[in-house]
Amino acid sequence: MNAECVVWTTASALFAVGAGFIVLRRQLVAMIIGVELMVNAANILIVFTAARRGDPAGLAVALLTLAAAAAEVVVGLSLIMSMRRGEDEVPETQTLRGMAG
Amino acid sequence: MTETFAVCGGLAVLFAAAALFQKTLYGAAMCLLGVLLETAVLFILLGSPLLGFLQVLVYAGAVMVLVVIAILASPPKLSGRWAELNVPRPVAWLAPLAAFAGLMAAGQSLGGVHALPQAGPALERAMARLLFGPWALATEAVGVLVLIASLSVLKEDA
Amino acid sequence: MSELPVWAFVPLAAPVAALTVGFFLTHRVRPSATHLPILLSCSAVAAAALALLGGALGGASWSGRLFTWIAVGSMRVDFGLLYDPLTVSVLAMVSVVGLLIHVYASAYMAHDRGFSPFFLYFHMFFFMMIGLLTSDNYLQLYLFWEGVGLASFLLIGFWSHKATARAAAWKAFLTNRVGDVGFLLAILLMFRWAGTTRFADVFAAPGLISPDRAFIVGALLFWAACAKSAQFPLYVWLPDAMEGPTPVSALMHAATMVTAGVFLLARSYPLLERSPGLLAFIALIGGITAVWGAVGAIFRKDLKRVLAYSTVSHLGLMTLGLGAGGVFPAVFHLIVHGFFKAALFLCAGNVIHGLHDSLGGAPSATVEDAGGLGRDMPLTFAAFTLAALSLAGVPPLGGFWSKELVLSGAFAFPGLAVLGMLTAMGSSLYIGRLLFLTFLGERSWQRGKDAHAHEVSPAMWVPVMLLAAGGAVAGLFAAPLAHLLGAAHGHPSHLVTALSLTAMAAGAVLAWVCADGAPAWEPTWRARFPAFAEAVESDWGWQPFCHSLARGVGHGAAFLGGVVEGALWDPGTEDLARSIPAAGELLGRRARGLLNDYAWWMTAGAAALALMVTTCL
Amino acid sequence: MSVSLLWIIPAGAAALTLAAPSARAARALALLTAAAVLAYSLTLIVPFRAQDGVLRLVELGAPGAYGIRYSVAVDGVSLALCWLTAFLTVLSLGASWAGGHGKGFWAAFLALEAAIMGVFTMQNLFWFYFFWDASLIPMFFIIGLWGSANRRKAAFKFILYTFVGGLALLVGLTGLVALHHQATGTWTWEIAELTRGTAGGPWAKYVFLAIAAGFAVKVPVFPLHNWLPDAHTEAPAAGSVMLAGAMLKMGVYGFLRVLVPAFPALSAEALPWAAGLGVASILYGALCAMAQSDLKRLIAFTSVSHMGFCVVGIFSLTPEGLSGAALQMLNHGLSTGGLFLLVGFLYERAHTRGLDDFGGLAATAPWFTFFFAFVMLSSIGLPGLNGFVGEALTLYGLLQACWPLALAASLGAVLAAAYGLPSFQRVFWAPPGPSSRSGEVSDMTLREQAILWSLAAPILGLGLFPKPLLALMAPAVAALARR
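Protein chains in written order, with the numbering used here: chain A, 571 to 671; chain B, 3 to 160; chain C, 1375 to 1991; chain D, 3 to 485.
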């Protein structure tokens, strides 16, 4: 079977589901999860292309992306935690105006 | 090799879809864990066990812990899991599908390779030399980034 | 056509000089002396005109080009002067009558507050009229034609505090402007077909030889002449023009200005005669106007209104003469009429001036105000009678000869002959009625008031006598004028003379019956037949029709200016301008700032971009 | 003797007046500059005569990208229009001498003069458009800051209309350049090259319409005229003089300079429409003028009517019609400028412009009466004064092109009398009405009389001796004639 097609399909599917998370889910944490999925999909593709072309830079980028994604999740979650300290999940947080408050 | 990749890839997508339709966030987090582990397997299949290992170590380990803590700390949510959007429900679903179609179209245009390429240990060694060679700055920068990120977890009043 | 001698410029130069001196010097320094330079210029013009007449009788005629006015593309117009027999003869009458009326006006208007501006306007008219007579091409004639129209606007509306005077001035100018549009179109067509507007070139131009083109240009010129010479459709402004001071009525609306139209037709006779149908049509309109004017004059009360309708009638006669008999009868009647009609108007002026205190300062007198003035104002009575007889056409006097010539021309066509006879009878009827009611019979103005009518000062009755005398002896001018204009001058057939004399006599008798006869028609018939009186007063509905026409245009303008511009256009464009931000507001309300919305748009956008890029590559 | 000085001097002076120590100094400087520009523009006739060819006194700057270069030249029509602009600027500054305005007022007028001079002298479409839009800004401030009652609305409406027009023009001009590039493969904004009849193809019609619409808003032609009455009513007297006297001419000049030369075939084809709209402007303007009760709105509508004659003259594409249109532009500038100055003087005294708020002025203010009558007669086209020559020529041109329209247009002469004289009678002859303020109207001061005499002289002069001016302008428009 054509490896290229397989890899692209899985990566695109993963990316699409990640996008689905961001667009459809209400909670912010779900959005964070969505972002994680999209990063992984990208990583898969990067590693696949690096392996195909035998280019170490690809792998290096994948590694760095992995670390950056980790840092991003940490910051994201801490933001969400600090924001929601004291009041429960109310719709305001969904809107920009709410967050500003 | 391509067939096992297809199976593991399919599993990953399944886990992701499951996560999307989970009622509780906790369930979603667990499915995310599944996807991350599958991704690690995919890396290994692609001939880069180091990345697979790091993926498990960094992602599946540290990140998942944080996600789980965040979910547990937040009070149980009663309102529905779906956000109401300006656009009607079916049209909302259109966006992810469109993303999928866009990427697939991009993939088709790049032409195909039949056998699954293997990165191999030599490439990993070359990567290591690269990381700590010309890209030393990038590596250090990522390191510092991760360090600062962890500082952000401290609460103001702590 | 010999070159212009120096003194040929005097008729134009003298008025310009007098006006500049008057406007910049005397009007500022000593307003009461403004009339002096003007009288000087009038006499100079009269002298020059008579000298030119002498020269013309000797067979000479002059023309010369002054400067190029417009020169662009195929349109080339030069300012030039032309003294041919037609110009010289009419100029002589205009200048002599003008001089006498200027003298009369200096006395008549002496104590009027606007004495100085009056004279400046009056002399401006005089200058425009002379310019009109002496111009050598249609465009220059049109320039002075409108100038004369402007002067009549200023002079009719001279007593501008009176609403009727303002309305009359405005009506006169508008009606003349309606005519002038026709004139302008005729000029433009001349340029189009003949490439020039000089009289000699236009008549010789190949482009205008064909009868239908000559008909179109001729008809447009006749339309302009109708407006200026008060022919049937466009005469409505002349009766109202009596709102102006009497010297104005005498000079402009009797002797000179209103004859400009007939002069224009006489000037373009070579063009008109190319389409026989047009000449017959002109004669017909002339005949109708003559009868219409006579009928109007018979039933009017106001002295000056009667004379105004009489002028309309006689202008109709001139046009009839031109259409049926050619240039000579029309011009001869124009000249003779100029004299006796000016005399009649000035006599009316004397009456108004004489009855000043009993009229309470009213600018015009009606037949009822006057009565039995013959004894109190003998000289005016004598002049009026002499002029009236000449108008009626009593044989030895000038009016008889000119009317005979016109009627003999009209006898060529049966219908016109009848119209001519009716006019002859009507003329003697209304002028006889006026004579008997004003100067004979019992003095109605003295009832209950101790006022007395005093004879006017010499400066006023001398010009009147001269004019009346001129009207009387005008018959002698017939032979030299015929020779001048090169027209055959045979004696009118005895049948024509007999018929016209009987008609005149019948009219006179009828006048005596109506004025001083047994059943005392005059004061009572208006009460007994109010509907008829109203019909006559409104010219059988023609005056109200014209007024409603003008008001209609006014309402149309008000609708356009007010409703369309004010209600539709202005707000329309402003609403359009306001609708754009409103639309923005409407769209804005949909986006409530949901994160997911933005995420959706971002994803959809990115996907679309990816698809587009991949499909394009 | 460079033509660029025509707009450089006023522009520089405008900056100087802003920096002037006091309002009085600024005022003096402004009037001095305006007089200098007028004198300078008049002396240009000497070098102009020395050269030959249609476009003279050509100055070319360094060629920039896409054929955009600073190129200036003058032909008969644009030189005459420069004289008119300079003359009217001097008069309008003189008229508002005693108005007690701040420095900004004088600077705005000089900037306006600079922009208008630029429009009339630029030979490169890019710079033409630059000055075209530059002229809006000072005019906007003049109406917006120193106007009367609801000046804001008028100023915004003015900007809205002219800006949208400007956009259409910009689209059109770039379209023209593109068409030219399509045909010849070279990029150029030079009017000389663009008007070699190279613009063709299916898009030519739309580019033609866009440019025509852009200019038509400025002329203004009938359907797009709505901004004019408001702009005039609210603008100060001097502003109205400049707006009517010089700015309306930019639209007509645009027709003569850009539109007709660039699309000769289309212009001929557009005759029934364009001339029809012109005649509509004549009749609609005259009818609306009859219905106005505010003197300035009345005069504004007369401008619409007069400009209708220009449009008709141009699209007749006959030598007489085109020369008539060019002359009519100057005539209208003089007569309408005079009328606005007079109404401005009346407004300074009685602070009202209503026709019924005056009355009986003939007795108390003879000079006002004389000048108003004189200029009104010129405006309604009395032969012997300048209005008539322009109208006669344009009517003759139209008669050759399409005679039914000429008949309709000649009705404009009757309607002209219908709005001219009654308004004169109501203001000067009729006795003062209940709401009359004639008591406050003192007769004209010497300064005002001098201004009006300096206007009356050309009005009579052009009426009797138009030949020299027509000879100056004829070659410029002769090339456009097709009949």
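It is worth saying that the hints were derived from the structure and are not from the lab. Please note that a few of the clues may not be correct.
Residues from chain C that keep clear of chain D, each with C-beta distances beyond 12 Å, as calculated [as the list claims (entries may be wrong)]:
#1 A1387
#2 L1399
#3 I1659
Computed, partial: chain B to chain A, Cβ under 7 Å [unchecked claim]:
#4 A20
#5 L22
#6 F23
#7 L44
#8 L53
#9 G54
#10 V60
#11 V67
#12 L96
#13 A97
#14 P123
#15 L125
#16 V155
Restraint ranges, calculated between C-beta atoms of paired labels, are given here [said to hold, decoys possible]:
#17 C:S1922 - D:L34: 52 to 60 Å
#18 C:G1432 - D:T45: 53 to 61 Å
#19 D:T45 - C:F1933: 17 to 25 Å
#20 D:L20 - B:V146: 52 to 60 Å
#21 B:L112 - C:Y1972: 55 to 63 Å
#22 C:S1831 - D:S437: 41 to 49 Å
#23 D:L409 - C:W1914: 43 to 51 Å
#24 C:H1921 - D:L409: 23 to 31 Å
The C-beta atom is built at its ideal place from N, Cα and C for all residues, glycine as well.
Hints, one by one, checked against the model:
At the 12 Å boundary, the C-beta of C:A1387 stays outside the reach of chain D, the nearest C-beta of that chain being 15 Å off. C:L1399, annotated as away from the interface, keeps every beta carbon of chain D farther than 12 Å; the closest lies near 16 Å. The beta carbon of C:I1659 sits about 21 Å from the closest Cβ of chain D, which is more than 12 Å, so the claim that it is off the interface holds. A least Cβ separation of about 10 Å between B:A20 and chain A goes past the 7 Å threshold, and the interface hint is therefore violated.
A hinted interface residue such as B:L22 counts as satisfied when its beta carbon comes closer than 7 Å to some beta carbon of chain A; here the least separation is about 6 Å, so the hint holds. Taken as an interface hint, B:F23 does not check out: its beta carbon lies about 10 Å from the nearest beta carbon of chain A, beyond 7 Å. About 6 Å separates the beta-carbon of B:L44 from the nearest beta-carbon of chain A, less than 7 Å, and the hint is met. A cut of 7 Å between beta carbons decides the hint on B:L53: the least distance to chain A is about 6 Å, and the hint holds.
About 9 Å separates the beta-carbon of B:G54 from the nearest beta-carbon of chain A, more than 7 Å, and the hint is not met. Interface hint status for B:V60: upheld, as the beta-carbon distance to the closest one in chain A is roughly 5 Å, under 7 Å. Because the closest C-beta pair between B:V67 and chain A is about 10 Å apart, greater than 7 Å, the hint is violated. Given the 7 Å rule on beta carbons, the hint for B:L96 is violated: about 9 Å separates it from the nearest Cβ of chain A.
At a threshold of 7 Å, the smallest CB-CB gap from B:A97 to chain A is about 5 Å, leaving the interface hint in force. Taken as an interface hint, B:P123 does not check out: its beta carbon lies about 12 Å from the nearest beta carbon of chain A, beyond 7 Å. About 6 Å separates the beta-carbon of B:L125 from the nearest beta-carbon of chain A, less than 7 Å, and the hint is met. The restraint placing B:V155 at the interface with chain A holds, with a minimum CB-CB distance near 5 Å, inside the 7 Å limit.
Look at C:S1922 against D:L34: about 58 Å separates their beta carbons, and that is inside 52 to 60 Å. The hint said 53 to 61 Å for the Cβ distance between C:G1432 and D:T45, and at roughly 55 Å that hint holds. Checked against the given bound of 17 to 25 Å, the beta carbons of D:T45 and C:F1933, roughly 52 Å apart, lie outside it. For D:L20 paired with B:V146, a C-beta distance near 55 Å keeps the hint of 52 to 60 Å intact.
A beta carbon spacing of about 30 Å between B:L112 and C:Y1972 contradicts the range 55 to 63 Å that was offered as a hint. With their beta carbons about 45 Å apart, C:S1831 and D:S437 fall inside the hinted range of 41 to 49 Å. Between D:L409 and C:W1914 the beta carbon distance is about 30 Å. The supplied range of 43 to 51 Å is therefore violated. Separation of C:H1921 from D:L409 is about 25 Å and conforms to the stated range, judged on CB atoms against 23 to 31 Å.
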